[in-house]
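**Q** The chain contents come next:
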Amino acid sequence: MPSKQELPELLQNLREKGDGFISPESDYFARLAEKAAARAKEPAKITRTRPNRWWLSAAAIALLALFTWLALDHGDAPGDVPELVSDQPTSEELLAEISPEAIEAYIGEELDQFAAELYYTEEIND
Amino acid sequence: MTGPPQDQELLELLLDPHQRERGFGQLSRVYGPLLHRHLLRMLQSSADVDDVLQNVLVKVYRNLDRFRGESKLSTWLYRIATNEALTWLRSQQRRRKRISSQDPASFVGLQLTADPYFNGDQAQLELQKALASLPDKQRAVFSLRYFDDLSYREISEITGTSEGGLKASYHLAAKKIEQKLKAYAQ
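Going down the list, the protein sequences come from chains A and B.
For what it's worth, my numbering labels the leading residue of the first sequence as 1, then goes sequentially.
For what it's worth, my numbering labels the leading residue of the second sequence as 1, then goes sequentially.
Calculated from the structure, these hints are not laboratory results.
No residue lacks a Cβ here, since even glycine has one placed at the ideal position from N, Cα and C.
Be a bit skeptical, because a hint or two may be false.
As the list claims (entries may be wrong) - As a list, the in silico DSSO-like pairs of lysine-lysine whose alpha-carbon atoms are at most 30 Å apart: (1) K35/A x K72/B; (2) K35/A x K182/B; (3) K175/B x K137/B; (4) K137/B x K182/B; (5) K167/B x K180/B; (6) K72/B x K17/A; (7) K35/A x K59/B; (8) K59/B x K72/B; (9) K137/B x K59/B; (10) K41/A x K180/B; (11) K137/B x K180/B; (12) K35/A x K167/B; (13) K175/B x K17/A; (14) K17/A x K167/B.
To be verified - Computed list of chain A residues with no C-beta within reach of chain B, every gap over 10 Å: (15) L11; (16) I22; (17) L32.
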């Protein structure tokens, strides 16, 4: 029992009265045990965390920006670009051939490559 | 650590696949009321307790083989129930923040007034409202010590917090609650 020094007098007195809750009848616990045992025997559901649509959009934009930067930003003079490279389609042209749904699906599958920390904030499923 | 004599008998039933159902029913009868009351104090809503207690019992059933008997059975059950309650509270608070700006004490006051499992008087209601203003884990610590008379050592096993930390937490909680109750009395 908590010692007298631990508790102010007001709380010591109130403690005698209890918490004000009442307990259910024993039938309640028998029924609950049956339900819980039945549920426990079912295979555990694995709930996959759906990536947030906003994160998917942000990741798609970041990916697009990365491709654009790779295609444009090397500080080289136009004349320095080898003929072979200048003939290659740009990243925008390449991405234009891929549907937004396919990009979204790819990012969804590879999301841990983009934002692994998203998973750390989610609770673990059983 | 040894538990009450009934624990040994219960564990024998629970660890025997042919007797597990019977043992589980017995465990629910013996410890169900204790867990129900603990969850009521944590969640302060009997409707939520129905769901959470069922989740607790499912976890207990699924993890019976992992209970090594190093702590009392009640300590293990309290630990599962406390973790489940804290997880539930986190999810509920996220949801509640989105739909209401009401402070926790007022919310709990209204909720308990209509709860079939609460029949306390005004002082007990004020105590519950004061408890609602504590952080969830501190409320668990306070409840386990104040209402359930558990030792700091047991509470430490349940919550995974050091005994020193628990003493400080309990002391601060008692002070906060006293202030709230005094403010109400004036």
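**Q** Against each hint, give a clear statement of whether it holds in the structure.
**A** Okay, the hints, checked on the actual structure:
Distance restraint check for K35/A and K72/B: the Cα-Cα separation of roughly 25 Å lies within the 30 Å cut-off, and the hinted pair is therefore satisfied. With a CA separation close to 44 Å, the supplied pair K35/A and K182/B exceeds the 30 Å bound. At most 30 Å may separate the alpha-carbon atoms for a hinted pair to count; K175/B and K137/B meet this at roughly 16 Å. As the CA atoms of K137/B and K182/B are separated by approximately 23 Å, the hinted pair is consistent with the 30 Å bound.
Taken as a hint, the K167/B and K180/B pair is honoured in the structure, with Cα atoms around 20 Å apart against an allowance of 30 Å. A C-alpha spacing of about 28 Å is found between K72/B and K17/A, which places the hinted pair at or below 30 Å, so the restraint holds. Between the alpha carbons of K35/A and K59/B the distance comes to roughly 12 Å, so the proposed pair stays at or under 30 Å and holds. The suggested pairing of K59/B with K72/B holds, with an alpha-carbon distance near 17 Å, which does not exceed 30 Å.
Taken as a hint, the K137/B and K59/B pair is honoured in the structure, with Cα atoms around 20 Å apart against an allowance of 30 Å. Restraint check for K41/A and K180/B: not satisfied, since their Cα atoms lie roughly 46 Å apart, outside the 30 Å limit. For a cut-off of 30 Å, the pair hint linking K137/B to K180/B stands: about 19 Å separates their Cα positions. For the given pair, K35/A sits about 38 Å from K167/B by alpha-carbon distance, which is inconsistent with the 30 Å threshold.
Restraint check for K175/B and K17/A: the C-alpha separation of about 19 Å stays at or below 30 Å, so the hint holds. Using a Cα cut-off of 30 Å, the hinted pair K17/A and K167/B holds, with the two alpha carbons roughly 23 Å apart. A cut-off of 10 Å between C-beta atoms contradicts the statement that L11/A is not in contact with chain B; the least separation is 6 Å. Not every CB of chain B lies more than 10 Å from the CB of I22/A, the least distance being 5 Å, so the non-interface label is violated.
Not every C-beta of chain B lies more than 10 Å from that of L32/A, the closest at about 6 Å, which undercuts listing it as non-interface.
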